[in-house]
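Residue numbers for the sequence shown follow the numbering used here, so the first one is 1378 and each next one is one higher.
Think of the hints as simulated: they come from the structure by calculation, not from any bench.
Do not take every clue at face value.
Pair by pair, the computed Cβ-Cβ distance ranges are [what the hints assert, rightly or not]: (1) S1518 / R1456: 19 to 29 Å; (2) R1550 / G1412: 46 to 56 Å; (3) K1411 / A1525: 35 to 45 Å; (4) D1491 / A1437: 23 to 33 Å; (5) Y1381 / V1442: 32 to 42 Å; (6) V1461 / F1508: 30 to 40 Å; (7) R1438 / I1529: 21 to 31 Å; (8) G1412 / H1458: 48 to 58 Å; (9) D1517 / L1433: 32 to 42 Å; (10) L1523 / S1425: 18 to 28 Å.
Treat the numbers as computed from the prediction; the structure is a model and nothing was measured.
Quick reminder that beta carbons are idealized off the backbone N, C-alpha and C, glycines included.
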Amino acid sequence: MDNYVDYLMAGILAQTVIFGSTQTGVGLAEDMTKGMVDRFRSLPMARSAVLAGRTLSDTARNLFVVCLMLVVGFLVGFRIHTGVIPALGAVALALAFGLAFSWISAFIGLSVRDVESAQAAGFVWVFPLVFASSAFVPVDSMPGWLQAFAQINPVTITVNALRALTYGGPTTRVVLQSLAWIIGILVVFVPLAVSRYRRAAG
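Construct all of the structure, not just a fragment, from the sequences and the given hints.
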């Protein structure tokens, strides 16, 4: 590991979009508390559009924060070793991962229905995934009992893909694995969140 800053940056990007995704659930819980959901019911639009708008707006915010993290990273010595196109691919992959996690957060926020519970519930599932991953240290440096979970953790897989796209190494397999996790999360949690929203607004 020649440069820990270069190694770490992939983990920082993943952590940034994951923590940013928790705001989707908090925002929806706040909308529920303030009666915004009831107001949306009177509008001539698909109820799923409210969730899509929320998750996409949070993804746009994540883009701004990711760009900010990259600027800070460059200031402290981060350098891309793979070229512009792979680096742009890393940003796109990070944002897609954050979008998928926003839908998980949306489902949680609509399930708990108050801001404090949404905040607490968001961190309960996010922290183990982030810190039991390769975001900050290699998996093989972890205790043996933790390695089995870390290796299949979607955060580890996505961090490894981001690292391959920015730092170097075999890319295709880990990127495809990350995309599979993203698609799988969306397939499961988009219908769950929409169903929960319809029941909340029904």
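Consistency of the hints with the structure:
no., hint, result
1, S1518 / R1456: 19 to 29 Å, "holds (23 Å)"
2, R1550 / G1412: 46 to 56 Å, "holds (48 Å)"
3, K1411 / A1525: 35 to 45 Å, "holds (43 Å)"
4, D1491 / A1437: 23 to 33 Å, "holds (26 Å)"
5, Y1381 / V1442: 32 to 42 Å, "violated (22 Å)"
6, V1461 / F1508: 30 to 40 Å, "holds (31 Å)"
7, R1438 / I1529: 21 to 31 Å, "holds (29 Å)"
8, G1412 / H1458: 48 to 58 Å, "holds (51 Å)"
9, D1517 / L1433: 32 to 42 Å, "holds (37 Å)"
10, L1523 / S1425: 18 to 28 Å, "violated (38 Å)"
In the structure shown, a violation is registered for the earlier hints numbered 5, 10, in ascending order.
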